[in-house]
Amino acid sequence: SQQGEEDPQALSIQEGENATMNCSYKTSINNLQWYRQNSGRGLVHLILIRSNEREKHSGRLRVTLDTSKKSSSLLITASRAADTASYFCATSTDKLIFGTGTRLQVFP
Amino acid sequence: NAGVMQNPRHLVRRRGQEARLRCSPMKGHSHVYWYRQLPEEGLKFMVYLQKENIIDESGMPKERFSAEFPKEGPSILRIQQVVRGDSAAYFCASSPWGDSNQPQHFGDGTRLSIL
Chain A
41 SQQGEEDPQA
51 LSIQEGENAT
61 MNCSYKTSIN
71 NLQWYRQNSG
81 RGLVHLILIR
91 SNEREKHSGR
101 LRVTLDTSKK
111 SSSLLITASR
121 AADTASYFCA
131 TSTDKLIFGT
141 GTRLQVFP
Chain B
310 NAGVMQNPRH
320 LVRRRGQEAR
330 LRCSPMKGHS
340 HVYWYRQLPE
350 EGLKFMVYLQ
360 KENIIDESGM
370 PKERFSAEFP
380 KEGPSILRIQ
390 QVVRGDSAAY
400 FCASSPWGDS
410 NQPQHFGDGT
420 RLSIL
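For the record, the sequence lines run as chains A and B.
So for the first sequence, the numbering used here puts the first residue at 41; every next one is plus one.
So for the second sequence, the numbering used here puts the first residue at 310; every next one is plus one.
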């Protein structure tokens, strides 16, 4: 069964606003990864957070992980139209299990 | 340094035909993963291979589907006697080691359409 569930399923914001996406999962993990997918393309790795980490930053991205609640969030600050894409969380044990994704639309 | 290359990008087959999807991993990567994606859904794991070995095929249907990653050449996902339900995007990813703490690098996928 799918491990991760993203929330919201779809998000529309204006350029400059922040976008927050949440991911919940069910079992113990080694790490949690976030990927981005532009329409018609493959996935691009954004950030990996290990199970013993609580927060991680990369440029305009901030990821948090709460293993007690089995949840993670991805924050994109100062969004741009080019951030428009689908974002997936993936939990890692011996294989990657992907969530259903959040479709982010950023309007100029 | 070329990324993960998949071909063809689009493949159309009639019911009952065979589909062969190819994946060349990034240079230096010996671990390959195949995923399937239906429209508006996330990727579902199918199979994990290391050179000449299938490590985990728990996500791959037992009938009609097979995968290989020979010593030389690309990894191949083969679907025999295709049915309409096989229509999907199939993605390949690679990594240098089979370490779950490393990201996977994805190709742009093969979109399989069954007529």
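Simulated from the structure, these hints should not be mistaken for lab results.
As the structure is a computational prediction, the values presented were derived from the model and not from experiment.
Don't take each hint at face value.
Unchecked claim - Mimicking EDC-like on lysine to aspartate or glutamate, the simulated pairs with C-alpha atoms at most 16 Å apart in a straight line are:
#1 B:Lys353 to A:Glu45
#2 A:Lys135 to B:Glu366
#3 A:Lys135 to B:Asp395
#4 B:Lys353 to A:Asp134
#5 A:Lys109 to A:Asp123
Said to hold, decoys possible - One-sided excerpt, in silico: chain B residues whose CB lies under 8 Å from chain A:
#6 Leu352
#7 Tyr357
#8 Glu361
#9 Phe374
#10 Glu377
#11 Pro379
#12 Pro405
#13 Trp406
#14 Ser409
#15 Asn410
#16 Pro412
#17 Gln413
#18 Asp417
#19 Gly418
What the hints assert, rightly or not - Just the calculated beta-carbon pair ranges, DEER-fashion:
#20 A:Thr133 to B:Ile385: 21 to 31 Å
#21 B:Arg373 to A:Glu57: 45 to 55 Å
#22 A:Glu57 to B:Gly325: 44 to 54 Å
#23 B:Gln390 to A:Ala122: 34 to 44 Å
#24 A:Glu57 to B:Gln390: 45 to 55 Å
Where is the CB? At the ideal position from N, CA and C, for every residue including glycine.
Given asparagine 410 of chain B as an interface hint, is the shortest Cβ-Cβ distance to chain A below 8 Å? holds, 6 Å
Honestly, do arginine 373 of chain B and glutamate 57 of chain A meet the 45 to 55 Å range at C-beta? holds, 47 Å
Restraint satisfaction for tyrosine 357 of chain B [CB to CB of chain A, less than 8 Å]: holds, 6 Å
Quick check on the hint: aspartate 417 of chain B CB to chain A CB, less than 8 Å? Nearest chain A Cβ about 4 Å off; hint holds.
Regarding the hint that glutamate 377 of chain B lies at the interface with chain A, is the smallest CB-CB distance below 8 Å? This interface hint is violated because 19 Å lies over the 8 Å limit.
Hint check: is the beta carbon of phenylalanine 374 of chain B less than 8 Å from a beta carbon of chain A? violated, 17 Å
Using 8 Å as the Cβ threshold, decide whether leucine 352 of chain B counts as touching chain A. Where the cut-off is 8 Å and the nearest Cβ of chain A is about 5 Å from leucine 352 of chain B, the hint holds.
16 Å limit on alpha-carbon distance, applied to hinted pair lysine 109 of chain A and aspartate 123 of chain A: violated, 28 Å
Proline 412 of chain B was flagged as interface toward chain A. Is the shortest Cβ-Cβ separation under 8 Å? Since chain A brings a Cβ to about 4 Å from proline 412 of chain B, closer than 8 Å, the hint holds.
Should the hint that glutamine 390 of chain B and alanine 122 of chain A are 34 to 44 Å apart at their CB atoms be regarded as holding? Cβ of glutamine 390 of chain B to Cβ of alanine 122 of chain A: about 42 Å, so the range 34 to 44 Å holds.
Measuring from beta carbon to beta carbon, are glutamate 57 of chain A and glutamine 390 of chain B in 45 to 55 Å? The hinted range 45 to 55 Å holds for glutamate 57 of chain A and glutamine 390 of chain B, with Cβ atoms some 50 Å apart.
Check whether the Cα positions of lysine 353 of chain B and aspartate 134 of chain A lie no farther apart than 16 Å. holds, 14 Å
When the structure is compared with the earlier hints, violations turn up for hints 3, 5, 8, 9, 10, 11, 12 and 13 and for no others.
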